[in-house]
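Those sequence lines, one after another, are chains A and B. The numbering of the first sequence is my numbering, which starts it at 46 and goes up by one. The numbering of the second sequence is my numbering, which starts it at -13 and goes up by one.
Derived pair list, reagent style DSS-like, types lysine-lysine, alpha-carbon separation capped at 30 Å:
#: 1; chain 1: A; residue 1: LYS46; chain 2: B; residue 2: LYS23
#: 2; chain 1: B; residue 1: LYS44; chain 2: A; residue 2: LYS148
#: 3; chain 1: A; residue 1: LYS46; chain 2: A; residue 2: LYS148
#: 4; chain 1: B; residue 1: LYS28; chain 2: A; residue 2: LYS148
#: 5; chain 1: B; residue 1: LYS54; chain 2: A; residue 2: LYS148
#: 6; chain 1: B; residue 1: LYS57; chain 2: A; residue 2: LYS148
#: 7; chain 1: A; residue 1: LYS148; chain 2: B; residue 2: LYS23
#: 8; chain 1: A; residue 1: LYS102; chain 2: B; residue 2: LYS54
What the hints contain is simulated information worked out from the structure, not anything from laboratory work.
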Amino acid sequence: KAGVTQTPRYLIKTRGQQVTLSCSPISGHRSVSWYQQTPGQGLQFLFEYFSETQRNKGNFPGRFSGRQFSNSRSEMNVSTLELGDSALYLCASSLAGRIGNEKLFFGSGTQLSVL
Amino acid sequence: GENVEQHPSTLSVQEGDSAVIKCTYSDSASNYFPWYKQELGKRPQLIIDIRSNVGEKKDQRIAVTLNKTAKHFSLHITETQPEDSAVYFCATLDGGYNKLIFGAGTRLAVHP
Chain A
46 KAGVTQTPRY
56 LIKTRGQQVT
66 LSCSPISGHR
76 SVSWYQQTPG
86 QGLQFLFEYF
96 SETQRNKGNF
106 PGRFSGRQFS
116 NSRSEMNVST
126 LELGDSALYL
136 CASSLAGRIG
146 NEKLFFGSGT
156 QLSVL
Chain B
-13 GENVEQHPST
-3 LSVQEGDSAV
7 IKCTYSDSAS
17 NYFPWYKQEL
27 GKRPQLIIDI
37 RSNVGEKKDQ
47 RIAVTLNKTA
57 KHFSLHITET
67 QPEDSAVYFC
77 ATLDGGYNKL
87 IFGAGTRLAV
97 HP
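Modelling step: build the complete structure from the supplied sequences, incorporating the hints.
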């Protein structure tokens, strides 16, 4: 079974631009969560989708948005990029969506650099 | 919302020694406590988890203990090996159950 796939692996953007990141979960997994990872800050929760619905979101500004498609693939979008958005963005999938009952499978992440 | 504090931020040990990482949480309703390991340049992977109905769980050289009264849980690694070198993250559920809140991570270095 293929793991969680994130594309692209690396991105370089300039301030003010927007960016879209993609995440394909493990086949059969319906829940996709997104996290921002920066040195010293750990993994900051962005949002979680299940069956095309956002069920939970973290404390990020509205410039960060996401969606999930009927095949469970998910995208996140960041508009009006700022230097502080430079980070590794990780997505994780789980089978049925009760995160308290099952583990997360992470992708390799997209490393975003904002210049 | 839930808050998780993790200590220490860095830990250096000699091969064969034990390592202990501790996390404290704020929400007394939390009932799930996983630990993830992230090797350099790789994705985080679950190594062990514990639920609030048990106080300790072991899996070979790793163990997790939970003290619900004090609201803290710890990861114990015995007989450390160089391949244990990684960043370790603790986590717990926010009250909504669909949101894992992670600690800031502990960078463990095991020296031969």
